[in-house]
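Sequence lines, in order, name chains A and B.
Counting from 6, one number per residue, gives the positions in the first sequence under this note's numbering.
Counting from 908, one number per residue, gives the positions in the second sequence under this note's numbering.
Calculated directly from the structure, the hints in this document are not laboratory data.
Check each hint, because a few of them may be wrong.
Straight-line distance between alpha carbons at most 27 Å, and here's what the computed DSSO-like set of lysine-lysine pairs gives [to be verified]:
| hint | chain 1 | residue 1 | chain 2 | residue 2 |
| --- | --- | --- | --- | --- |
| 1 | B | Lys964 | A | Lys54 |
| 2 | A | Lys54 | B | Lys978 |
| 3 | B | Lys964 | B | Lys925 |
Per label pair, the in silico range of CB-to-CB distance [what the hints assert, rightly or not]:
| hint | chain 1 | residue 1 | chain 2 | residue 2 | range |
| --- | --- | --- | --- | --- | --- |
| 4 | A | Ser75 | B | Thr927 | 45 to 53 Å |
| 5 | A | Ser75 | B | Asn933 | 38 to 46 Å |
| 6 | B | Gly947 | A | Ser57 | 25 to 33 Å |
| 7 | B | Arg1003 | A | Gln50 | 17 to 25 Å |
| 8 | A | Ala58 | B | Leu948 | 40 to 48 Å |
| 9 | B | Ser989 | A | Gly67 | 40 to 48 Å |
| 10 | B | Gly970 | A | Ala6 | 16 to 24 Å |
| 11 | B | Arg1003 | A | Gly13 | 31 to 39 Å |
| 12 | B | Gly923 | A | Ala58 | 49 to 57 Å |
Ideal placement from N, C-alpha and C gives every residue a C-beta, glycine not left out.
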Amino acid sequence: AQSVTQLGSHVSVSEGALVLLRCNYSSSVPPYLFWYVQYPNQGLQLLLKYTSAATLVKGINGFEAEFKKSETSFHLTKPSAHMSDAAEYFCAVSDGGGYQKVTFGIGTKLQVIP
Amino acid sequence: EAQVTQNPRYLITVTGKKLTVTCSQNMNHEYMSWYRQDPGLGLRQIYYSMNVEVTDKGDVPEGYKVSRKEKRNFPLILESPSPNQTSLYFCASSPRQGDDEQYFGPGTRLTVT
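With the rest of the complex left out, here is chain A:
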């Protein structure tokens, strides 16, 4: 069975500060990993995904994530937070290719303080 743990359901950062959102996963096979963002009153949209190519993945809006197999982690970072980054962020894992389930974490709400 696969699972995702997001540490910190709420994270606050100052505008311009580093954003770090943590995600740890468990999977019995090499996983596919995703970060999605949800703005208020909207559906989820993909920020970035890891599919066994480069371990450092760059996404939209200046976000990136690094896949670390030894730590079973896929933390999301952004060097400088912007007010528009305030949203809820979800990490998700899928066990390999083909038609498999996707498991989401509980989400982390990011607050950006001016």
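Fit chain B to the given chain A structure using the hints.
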């Protein structure tokens, strides 16, 4: 415009009154899925479908039914809704699954009294 649509967006109903939430995608995607989002629990998968006439249970299927008679549509049916099904529901689709991005609908907020 490529999109996933859901209807209705908001629904208030009473316990036991059957309802259907529709989901449609115009991207010719094979894979479709339903999730519910609850505070502190994130997104939990209800059912998914790998293609027409092929569906399978997700993590929380109890009290829900689905069908996939056409590739573009994947309705969610609550035959006898209960208050614990009050939630925010999302439909999603992707070309297949595994490493593919899922495209999400705008959500349906359901309240069961």
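These are the hints, each one checked on the structure:
For a cut-off of 27 Å, the pair hint linking Lys964(B) to Lys54(A) stands: about 24 Å separates their Cα positions. For the hint linking Lys54(A) to Lys978(B), the alpha-carbon distance of about 25 Å falls within 27 Å, and the restraint holds. At most 27 Å may separate the alpha-carbon atoms for a hinted pair to count; Lys964(B) and Lys925(B) meet this at roughly 20 Å. Between Ser75(A) and Thr927(B) the Cβ separation comes to about 47 Å, which falls inside the hinted range of 45 to 53 Å.
Hint check: Ser75(A) to Asn933(B), Cβ distance near 42 Å, so the stated range 38 to 46 Å holds. In this structure the hint that Gly947(B) and Ser57(A) lie 25 to 33 Å apart at CB holds, the actual value being about 32 Å. Our hint of 17 to 25 Å for Arg1003(B) and Gln50(A) holds, since their Cβ atoms are close to 19 Å apart. Here the CB-CB span from Ala58(A) to Leu948(B) is close to 32 Å, at odds with the stated 40 to 48 Å.
Taking the beta carbon of each, Ser989(B) and Gly67(A) are about 43 Å apart, inside 40 to 48 Å as hinted. Look at Gly970(B) against Ala6(A): about 22 Å separates their beta carbons, and that is inside 16 to 24 Å. Separation of Arg1003(B) from Gly13(A) is about 32 Å and conforms to the stated range, judged on CB atoms against 31 to 39 Å. As the Cβ distance of Gly923(B) to Ala58(A) is approximately 50 Å, the hint placing it in 49 to 57 Å holds.
Of the numbered hints given earlier, the model fails hint 8 alone.
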